[in-house]
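Participant: Chain residues, written in single-letter form:
There are 4 protein chains.
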Amino acid sequence: MNYQKILEDIAEEIKPHLKDGHVADYIPALAKVDPEQFAMSLTLFDGTQYHVGDTETLFSIQSISKVFTFTLALKFYNNSIYKRIGVEPSGNPFNSLVQLEYENGKPRNPFINAGAINMTDALVKHYKNAELTYKEVLNFIKEIADDNSISLNDVILKSEKEHGYRNIALANLMKSFNNLDNDVSEVVDIYFKHCSLEMNTKMLSRTMLYLANHGEDPISKKTHISQRQAKRINSVMLTCGHYDASGDFAFNVGLPGKSGVGGGIVAVVPKLMGISVWAPALNEQGNSLVGTMALELFTTKTGLSIF
Amino acid sequence: MNYQKILEDIAEEIKPHLKDGHVADYIPALAKVDPEQFAMSLTLFDGTQYHVGDTETLFSIQSISKVFTFTLALKFYNNSIYKRIGVEPSGNPFNSLVQLEYENGKPRNPFINAGAINMTDALVKHYKNAELTYKEVLNFIKEIADDNSISLNDVILKSEKEHGYRNIALANLMKSFNNLDNDVSEVVDIYFKHCSLEMNTKMLSRTMLYLANHGEDPISKKTHISQRQAKRINSVMLTCGHYDASGDFAFNVGLPGKSGVGGGIVAVVPKLMGISVWAPALNEQGNSLVGTMALELFTTKTGLSIF
Amino acid sequence: MNYQKILEDIAEEIKPHLKDGHVADYIPALAKVDPEQFAMSLTLFDGTQYHVGDTETLFSIQSISKVFTFTLALKFYNNSIYKRIGVEPSGNPFNSLVQLEYENGKPRNPFINAGAINMTDALVKHYKNAELTYKEVLNFIKEIADDNSISLNDVILKSEKEHGYRNIALANLMKSFNNLDNDVSEVVDIYFKHCSLEMNTKMLSRTMLYLANHGEDPISKKTHISQRQAKRINSVMLTCGHYDASGDFAFNVGLPGKSGVGGGIVAVVPKLMGISVWAPALNEQGNSLVGTMALELFTTKTGLSIF
Amino acid sequence: MNYQKILEDIAEEIKPHLKDGHVADYIPALAKVDPEQFAMSLTLFDGTQYHVGDTETLFSIQSISKVFTFTLALKFYNNSIYKRIGVEPSGNPFNSLVQLEYENGKPRNPFINAGAINMTDALVKHYKNAELTYKEVLNFIKEIADDNSISLNDVILKSEKEHGYRNIALANLMKSFNNLDNDVSEVVDIYFKHCSLEMNTKMLSRTMLYLANHGEDPISKKTHISQRQAKRINSVMLTCGHYDASGDFAFNVGLPGKSGVGGGIVAVVPKLMGISVWAPALNEQGNSLVGTMALELFTTKTGLSIF
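Protein chains in written order, with this note's numbering: chain A, 1 to 307; chain B, 1001 to 1307; chain C, 2001 to 2307; chain D, 3001 to 3307.
Source of the hints: derived by calculation from the structure; they are not laboratory data.
The structure displayed is predicted, hence computed values, not measured ones.
The reader is advised that the hints may include incorrect statements.
[To be verified] Under the rule of at most 25 Å between Cα atoms (straight-line distance), these lysine-lysine pairs were calculated in the PhoX-like manner: (1) K1125(B) - K2161(C); (2) K1161(B) - K2106(C); (3) K128(A) - K3106(D); (4) K161(A) - K3106(D); (5) K3202(D) - K3135(D); (6) K3202(D) - K161(A); (7) K2128(C) - K1161(B); (8) K1128(B) - K2106(C); (9) K2271(C) - K1161(B); (10) K106(A) - K3161(D); (11) K3202(D) - K125(A); (12) K271(A) - K1128(B); (13) K2161(C) - K1106(B).
[Stated by the list, open to error] Computed footprint of chain D on chain A; a stretch qualifies when at least three of its residues, placed anywhere within it, have a C-beta under 8 Å from a C-beta of chain D: (14) 97-106; (15) 172-186.
Beta carbons are placed, not taken as given, at the ideal position from N, Cα and C, and that holds for glycine.
Same shape as in the complex, but just chain A:
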């Protein structure tokens, strides 16, 4: 298949929609991003990459980091992680305290904020140190992105901390239900750090290879997680990866994926490739409007949907 041509066609077709939607404005640092940017990258199992748009431009990965913390938590705890979190869709806004309270402090899945904070706590417990946890997660991301330059954006991090009261509330609520082991501030700090990492679609498409290849990196040949664990992450991405538009994403795109409010999305074509797309303006459900559109065009043009 001529992937380069397909990407260029997509870039052309989405152009009229770059003015639609709204950039995330819950923190000032994100609100300032120029909304009319677009990038899309594919990485195949042999390392070949295809790019279109601003694929070198770094952006805030935000909730995409939840895939990586869930991966490591699953790696270290395996099935015992399900004492802490569920794997069912939430059917509610992504940061609601209501459901968390009704379900006694156990987040429904690792891709809502409470779930990702909880996974961070599990990692802090594993590494026995908050700062080390941040570093090890970053090292894992650098490894699977095959890029040592990845770092966090201090302005975003500061902004997250200044506007993160709801996340701190979620963490304290879990703590009150005895479902958080470490100091709340330390855990939430590390969670914010992971959200504040900056990457581009080139790097992100590369990170998805281990999920497309049963847990093993097809280039480095390193096994990060088991086949069963990779399948679990893919299925949770499919059913819970896009907040309250997960069902629509499953239908329209038909690939496991995860979006972030920075406008980035990662997706997995099982046994074939990793994908990442970026366009900062969001739709009503908080997912990249043009990014979702581009992925839908991609599976339509290539027939690479799982359905």
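Assemble the complex: chain A is given as a structure, and chains B, C and D must be docked to it using the hints.
Facilitator: Chains B, C and D alone, transformed into the frame defined by chain A:
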């Protein structure tokens, strides 16, 4: 692949678990069913069938009927059906009024009770007659099952009506939000009739062929719905087909499917076959315990998961 | 105290506010009422009455009827009535299904719709006949109003039935929790009939005497309920009588009272008198805007608040 | 009236019930209290006091402190305080986050935890310093108790901090809705300090005099708040003072009052006296079981209910 051998192996492996779980007891007529029964059938595109267990025994299809009413509603209304229902997972017990109230009478998806009642209402509006609606839905099921003998169980129907107050409450709540067009009693009666139909796994596995084959029946060559509509139904089955265990089913089985509290499950292997399994005892989430297990064994043994 | 002068002063002071608020519009028959009407009546223990405004004009008593059905249910069942309902404020919109579901079909108090429907069911069980229940409640109201002319408004009743789906939903939900004994339609019909009765402030102020006098009618000397039962009704009126403005009413007016969306309010000055006020336009919480104001002026001018 | 005799009769009558109920166990320091203690005190406007039981024994005042912080917040902000809190009953467990989220971070009343934390925040804003706020509230309590010895219990305070995650969650949730002005930790620390104060029934009955006397201390003649503010506090105590048993307390006792999980209750007989009772074991709603019983006996014996 030796499907017959696979089915027989599965029947052997699930045997020790036939005593687990509990038969649905919300209506007396279901509570009386002998829990230790099991049946599993596959139907390929050329009509070849493989069976194991009590595949001739009729059982109450219950919520499996929701797949058929959604199919016809989607066929007649296409995208305008989404004014009435959503396609997102519910994240709540299957018949909760809470979510319906918070979302102004619009059911989250067609596979929760409120959604299926609403689809029935859409069909009554289309056919302009409640009794005719029942007959046309039944005719559609007979056609895709390739079996004219299908009928409803009067004892089950009577039992449904005597214990269906929560469903009547759901219907009235939708009516109060102007999201139900016809007389509440008439609509709910038809809904109960569809739930009270009796079929066996032989018939049910046959019904799934149009969903496995892009909307077209591969044997009769009749196109029931468009490719896009079939894809939508499959994706909603994957994300919402098993109440609050949909995520787990997606992971463990990895096929679009729908369960009913009568213990039946239907599933779709895209481009290949329709499957049905039956075992009356349910797990905590209200899905057939052994049926779910059998499907998991099937995709493990055949590698036919979509992930 | 010169009650006549006080009433006339109040009528003068509220005049500029008769244009404020909005007439109930959930049923067409109520929406047509001329909003700029006002009436206020007091009835003392010796039968002396004081009136100002349109005190002969009949209006729909609506939820004021809940006081009378609770009275009779308490009379016939005494404390065993609390198996069916609570006596705590609801802290939610007056007809919410959410709370009813979370509390397993037991209404929080007899003055929310679910609670009054439940009290009607208790009365139908007691009288063993729905139509007889309607007549006996009407007879009780005629007796305590000392007026045989009271009847229901057919247009309002028809309108209630045509727009009462939420109430039917509430009744079915209670039925599904086994907290409703009789046929849902029959019970809700009788409930609607009581809401559709028409009375004026002259009659209504007279009805409150038994509650102001420990359960005994001070004029006829007939004991309707026990002292303890009267105290219970008064305390529930104080804490739950005005939907989600009950706390504000308790503070500003400081009298047990009950409002209806027809714009009427009844109130009790213990050991002294019954009061009724009417002004059709409602405030945001669904209580008569000018009526609440008039009662507040009354307790300010007379010092007759319980605080 | 022979108050001493009445108190002694009450002490005799409640004796068989001292073994009922359960001491609060959410913090270890409270769980250790001997449950079979009892004390009751009355303070009249001329300073005369009547006592029975362990009236010199200090106990943790817990939520009774909410009356004092609401008093000062109302004094400094008057009606503008209602931008921050409501005055309606909550109809939910006393520390639920659900309602706070649905109502956009505005607590329903000053006597639920979120409301009291918010009042503390208002005071920190007024005094411009957290530690000063603690001291000024303590000074106010010392003044109205006419006792300079009042201080906090360090063990209780430490325990509160170690188990206060839900309160910290509530505060962060309010902060996320911009309904908290100061640093969350500082505000919650001060809130915990007020809850950790220790007093006895002798002191507490004395503190209620300003509320019984229209805002003015009848002994010192000092006006603490306006008549209207005192009326507001009394009405909120009546409708919201006892968690989800407020309606029952209003009925059975018929006096404005406030309970704490330390087993203490304060109550107000308007124009006559302040009351305090203490018995550590709680009923299901979290109010002193024997304390509630003693107050009910008191109003029955004296006829001093407001109904």
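Participant: Can you give the numbers of the hints that this structure goes against, from lowest to highest?
Facilitator: 3, 6, 8, 9, 11, 12
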